[in-house]
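S.K.: Sequence:
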Amino acid sequence: MSGFVYLVGAGPGDPALFTQGGQRLLNRAEVVVYDAIIPEELLADCPAEKIYVGKRGGRHTLTQEGINDLLVRLGKEGKTVVRLKGGDPFLFGRGGEEALALQSAGVPFAVVPGVSAASAAPAYAGIPITHRRVARGVTIMTGHAAKNDELTLPWESLAGIGHTLVFFMAVQNFSIITHKLMEAGLKASTPAAVIQDGTLPSQKVVTGPVCEIVDKARAAGIRPPSLLVIGEVTALQEQMAWRQSALPLSGKTVVLSRSQNRQHDIVERFRALGAKVFDVPVLTAVARDTEDVTHAVMNLERYDAILFTSTQAGRLFRDKLLTLRKGEAISLPPICAPSPRIARELQREGFLPSLINEPGKSRWMDQLRQQKAGTLRVLHPKAALAGEGFVETQTKIEGLSLVPLALYDQQPLPIEALVKDRIEGGYVDVMILLSGACVDATLKEVPSLLAADRKKPLLAPVGPMAARALTEHGVNPDLLPPDPTLDSLFETVRDHLCERRRC
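Residues in the sequence shown are numbered from 207 upward in steps of one, following the working numbering.
No wet-lab data here; the hints were simulated from the structure. Careful: at least some of the hints might be erroneous.
Derived DEER-like restraints, expressed as beta-carbon distance ranges [claimed, not checked]:
#, residue 1, residue 2, range
1, 684, 381, 45 to 55 Å
2, 662, 336, 21 to 31 Å
3, 704, 381, 10 to 20 Å
List of simulated lysine-lysine pairs, DSBU-like, C-alpha gap at most 35 Å [unchecked claim]:
#, residue 1, residue 2
4, 662, 650
5, 567, 410
6, 261, 526
7, 261, 282
Think of the CB as a built atom: it goes at the ideal place given N, C-alpha and C, for glycine as much as any other residue.
Hey, can you work out the whole structure from these sequences and the hints?
M.R.: Below you can see the structure in the form of structure tokens.
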């Protein structure tokens, strides 16, 4: 039975430009066949089998015919395959050749277009490739000729068309292209730009008149992948260069070490400032089926409140309620949350916390004491091996009894080799650790972080418990937020990286 092959455009390099349709397919792919210029973050988050078939500097892992044969074979094996290609598959991506090979072999396929570097790289450089008062059109070409062939283009037409000219794969032929255009009548003073690593943190932009752009590019050490953009719109680059001010963390790399099934908006907040972010699950939660869990769920009336100190506990406790007391009308005790963030996340799991620790207000346990008298029993569902130290320091109130419930076990997950290589190679600026268990799992996977001379990554735990876990391993936190919240942690890391950049 035949599988299905998706020809998916990964965009020009910035993971923020990857399409939602492509991401959905990547999440359910069995095999990913990918090129050289693919955002590392996409691959690090993808659990599928990965096969690299990239081409860099004339060195091919596989010939194009070999790639075609591989896609056909995987499709005929019944696999769901994502062929992940840089930019757009049908714009100098050889997607058309791969589509024809699949069609000829009877393997079903679909195409998911991607954001092309033709528009994205100039946009990130501050160059609009069209402008109604400057350029009413754009012509996109390859500046690379087939082996032993001469670069043959309609030079006279290109020189006089008045369009913005965008050349892909042109580094080796910069001199030929500019010379032929000027020979055909293009003014030597026409503005031009070369954009290397467009949309990536390493993006480099060189501008100048077309008669000088080759020498300027050479002096700047320009290398592939680069675009050559020629036309009056490039003169707008200095006015429209927005990236440095809008993306102050461009070139910085952050790793977020977290539990599986818990997404955090700080990932997108860092990416919005230009940072490369690896969102790495290092733990997975497995619910326990024990008599203690069943007894607690079936006898909620024995408790005066339920305290959830993590969203994970809330989600798994909700699942137990739905399984063990399906169809019942359940009256829950008041729900407590140690922070507004956890309260908001618990609401998404179906709970309505009424006792919440908030700045400037009384603590949840004080609020509970105001509502009820006598000895109060508070159920605390949590991870089996999670300590009670932090909670105990908050609950030393006469007449308050915290009843821990070992609801789930936290099992470590392997960290992708690509991410480990980045950490161990000194390419990561900050590692964010969201719990003590995340600290333990991360240090087990990357023991080099314990070395006294570890390379570069600063360790940033979210609060006292994660910080304590670090010190128990003999490592002191490098960045510690003033408040144990994700907002405070984000601000602490952001401000440190911005200050370091200014230095």
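S.K.: Compare the structure with each hint and give your call.
M.R.: Hints, verified against the model:
The hinted window of 45 to 55 Å between residue 684 and residue 381 holds, with their beta carbons roughly 48 Å apart. The hinted range of 21 to 31 Å is not satisfied by residue 662 and residue 336, whose Cβ atoms lie roughly 42 Å apart. The supplied range of 10 to 20 Å is broken by residue 704 and residue 381, whose beta-carbon atoms lie about 40 Å from each other. Restraint check: the Cα-Cα separation between residue 662 and residue 650 comes to about 18 Å, which is no more than 35 Å; the hinted pair holds.
Among the hinted pairs, residue 567 with residue 410 is inconsistent with the structure: their alpha-carbon atoms are about 50 Å apart, more than 35 Å. Using a Cα cut-off of 35 Å, the hinted pair residue 261 and residue 526 is violated, with the two alpha carbons roughly 51 Å apart. Using a Cα cut-off of 35 Å, the hinted pair residue 261 and residue 282 holds, with the two alpha carbons roughly 25 Å apart.
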